[in-house]
Amino acid sequence: MGESTVRLRHLYVRYGCETDEMADHLAVELEFLALLATMKADGPVQEDYRFVLDHLHRWAPSFLAKVEENDRLGFYRAVSRYAQKVLAAGP
Amino acid sequence: MTMGRRDFIKMCLAAGACAALELKFLRYVGEAAASPEEALGKAIRSTCSPNCTGACGFMAQVIDGRITTLIQSADYPEPEYNPRGCLRGLSMMNLIYGKDRLQYPLIRTGERGNGEFRKATWDEALDYTAKILKVIIQKYGPEAVALTIQVPGTGYVHQGAFVRLAALANWTIHHGYDQNGDLPMFWPMTFGVQTEELESLEWPNARYTMVFGSNIIQTRLPDAQHLLKAKKNGKLVVFDPDYCSTSAKADEWVSLKLDTDVAMGLGLAKVIIDRNLHDREFLRDFTDMPVLVRKDNGKRLLAGEVKTLAADAANRKIPEYRQLFVVHTPATGFSILNPESLQPTGADLEGEYTVELMDGSQVQVRTVFSQLKDVLKDYSLDQVAAITDVSADQIERIAIEAASNKPVHVIYGASNYQWYHGDLEGRALSLIPVLTGSIGVSGGGISTYAGQYRIRFDLSQWWTPKEGKLNWVPYLYFLQGGGKRYPGKGIKAMIGGWGNPFDQHNMANRLKERSASGDIEFVVTFDFQMTTSCQWSDGVFPGWGEDRGNGTLQALQAEYVRLFINDLPEVPCPLTAPCIWKGP
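Heads up: the protein sequence lines correspond to chains A and B, in order.
Whatever position you read off the first sequence (first residue = 1), add 2 for my numbering.
Whatever position you read off the second sequence (first residue = 1), add 693 for my numbering.
Don't read these hints as lab results, they were simulated from the structure.
Among the clues, some could well be false.
To be verified - In the DSSO-like style, the derived pairs of lysine-lysine whose C-alpha atoms are separated by at most 27 Å in a straight line are: (1) A:Lys-42 - B:Lys-717; (2) B:Lys-717 - A:Lys-68; (3) A:Lys-87 - B:Lys-717.
None of these values were measured; they are calculated from a predicted model.
Just chain B, same shape as in the assembly (with noise of 0.2 Å):
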């Protein structure tokens, strides 16, 4: 018998005819398969986004229910964007088909910890831990019931359901940044905001890029081709105890002593100012540095507070959040600075002066600047030198060649900063492109590069809905058992995910104590694989991963919101268990 391609086709259609062909690896499944589209899958636009904030997106090929291959989708609007996307984030395949994958609810049958469970139906495993909660709730409130949210930023939809939950059932909730310090203390201290940060498409307009403990080219892979290029504008030096990647490709490295970096700061700092290299009008209009500071108690003069001027202060209407503070001009001596006013002040930057409180007495007054030079005596060249490891020329030669290529650029890594005092050296080193004056213009500032999700969209009607309340406990509260509204009952329950704080956090044996002593009665986690957290847990839900959610998150790196709430429902479904996060 012979036959064409159709006359083949419409014979197989035939009932049974396509048995008799005994094919062993071949199926015949005709009209079904008949388009070559959808046998070559679909294609999906996704976006990788672990908490390393380069949110690359990505193409995936999806055959069968199955991702069977990721391409960078270089789809951003700007160029140097593209392509983006790292071996680590292609490596996500093992993790979403790999051995530690949920697929079905588990409920622990073992001690806890020892990571025994039984497979348990969605309904069961729902019910199980409704029924719990319920009792503990009873028992001892609904504050008892703990939230850990874990960087919402990468997925405000779906994380934030469960912030949505914990306000409309009255729960406790945890931050993650608590636990890990993700939010660099000195920004607020400082600069007043939560954080700032260049994009790296800025990287390159800095002439001198100086880079503390944060190793770019390994952890922020798909960016680190803009350090590279800042390195032809300008000078890219890392200071760094270890001869990291990120060492290896500076044009000088500068291998200080550990922990020495405030030290190092500030005697940078001090060359700056002692070779008369700062920008003093810039520190005199657009800082404190003017503004007085009472000698005896540390504290900023309030205008209030001065028989010259306290009349003249009860007259001014500000805004609830601003205070009159008081600078000294040449021209009329002491007077109030306009908190609204960004106009030059012809200020003095330097001085100390005698002046008359409301009640007659007399008190020592200078300028923060003084007083910055004051606590820089202690940090001379030779005294850094010791500190650091770091020979006096070096650190001398480094500090001129910075004040003279400005804007400087400097990049503060977490690793430095989420460690107690971390706020001390942050606050060191943004004196250097405040000093140069490198704030405000193209290529200059400070960044951090964790914590810097600034969300620009209203969330509160999806996270803490009218009637909802959120009762927001610090993480070292919960582990200390005691603060500012820790529930009087303590915390009973803790409910998580996408995080893993049995593991990760830096007091995850507090936690473990406590779940092996049934101090915190039930443990409930949402992960897409296995962890440690799952294994402490009664009972484990398979959810999404986290780069793979529907949702919304922020790409931070290169400030683009990305929304991907429609494209993903076929992809991360392969496997038995129905999904929770199947589509909205």
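For reference, chain A alone in the conformation it holds in the complex (with noise of 0.2 Å):
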């Protein structure tokens, strides 16, 4: 596991949570900003979403327009464009 993703793990761990998964999957990483998104927004809580939400930022938006490119049932393309605009929405 590279760093970043060690320091995913690690922030489930301070709100109790793990997964089966990897740290840094999508789906986890989503689930997990919205766990937090739940949350009041005080300070630590808002550095750790600024802190998932930057991580996502910095690969899931090539990734899923790969997804989108290769799609073709329709579905995934769907789905893909739907996270592009709550990524883009931001906090």
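Two chains, each in its own frame: build the complex with the hints.
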């Protein structure tokens, strides 16, 4: 695992959470983001939210673009576009 | 509802509250995962030690009982030995978690060798094994059960446990070294030791390194850098029919014909002597070159046989393992060589004499050196060139270079000495450092990098307790079905582990035939993966990997003994099986 992945894993633990997936799996990161979104945006939570979002911004857009490009069923294209909107919306 | 992190954890701790979150990928475990250190697992120091003898230290990150990452620990005291650890060691993960990894005991259901087994519990498999062994022991005696032990140096404790069992049960035992000729016979024949070698840190101190049939760049990867350093201080000459990786790194590659290293060694020795480049003083004082040999029977002349020396010899007190040989000195003629002294003798290195024996008869004697020169007569440059397919000019130049760039270090590869007449090669090659006086000096000598397990603490208490007895039988006697100490009623059961004799022995077919015919009635193998020997077994038990075991091993090239008794229980039991080696 790379440094940023370890950091994510570390972060989940601080919220009492574990995952069997890789810590930087898109679904895991988004779910954690959703979890943080339900919480009060106090200093530390906001910081953590920013960290996960920044992490996603670093790689997810190009990943989602590739999903869109290679999808033949239409479903993943739709999901991917939605995810791009969510990420673009920011906090 | 909004809350902070602490509120969140508090809320989740309330019964059932976390279920409401409907998490799909994350799992709320609360306090259990509270410490980040635990989530990141443990870093455990271990040593990668298959029989390459590199013994590389590794840190293993273990999360949820599973190794996730291996990195070189780089913690050897000498900085030159760090970092060490190669891709092959890292790839052990593929074996530990690979499809051939044994996870539970197996009992054979199909024909022997076809690999059909059923899963068994530990209790069931152990009872099954013990029951059959009891019958065999009752019928043929305890020596009919034979333990095969391969490279116990890679696990003195856990492999030693098998030796202890064999001793206490009075079984027969074969050492793996018998199978593959791991101990080069020329060592006891010439130097009178099991083996010797330079540790790799010494390699750069040689001014002339001659490698015969040893592919160091590939097979001793963590230490290969030291061979490359040796090129800065001196010259690296590689004698090999193949343009192997080590040939490619050589300053000079000598592409000699297959199987002609002995002639090459003798040819080089002859040039060194003919050109008077040998170290006469070293040969006289530190070798047996001046010792007199009888021409009639080829044996060394004993002082007790010589009329003028016998009385003196009878009065000398020497240890039982010593003998009194005779040298000739210009000052005193025939004299007794004191076997307990390394003082200069002033003995003649060359010469042929007539000596009167006790019975009044006379025999011709000559020095070992004179005899050597006689043998070397058949290895003139032209003759050696014809045998080896290497030009006479090249052989002559290399011999002169070696003798003028001391110390010389010869590395003699196991690919050669593990075959018939491998002893002749070692004897021929050891002449080069001996003639040039490159023995006992930093960077000089001859090294063989196999079979160099020299244990430095007393294992007898563990391996062979007082009440036990081991019946050592060489492997070849077992396969031939006869020989010294071979049990009267034969060997009927084989117990083995961490070795693969059904595949890797050059007489593996004999084992398969005898197992298929039922002559060998029962075979049990302990291993961490399904090997050919496991496939030929009646009972198979999952054991530790050789390199991950609890125990001690000797880090040979680095000359350290590594202890790893307590650091591993967590590592390799990620699977469902209970493990017989779990923790001391």
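Here is what the structure says about each hint:
{"no.": "1", "hint": "A:Lys-42 - B:Lys-717", "in the structure": "holds (22 Å)"}
{"no.": "2", "hint": "B:Lys-717 - A:Lys-68", "in the structure": "holds (24 Å)"}
{"no.": "3", "hint": "A:Lys-87 - B:Lys-717", "in the structure": "holds (21 Å)"}
When held up to the earlier numbered hints, the structure conflicts with none and fits them all.
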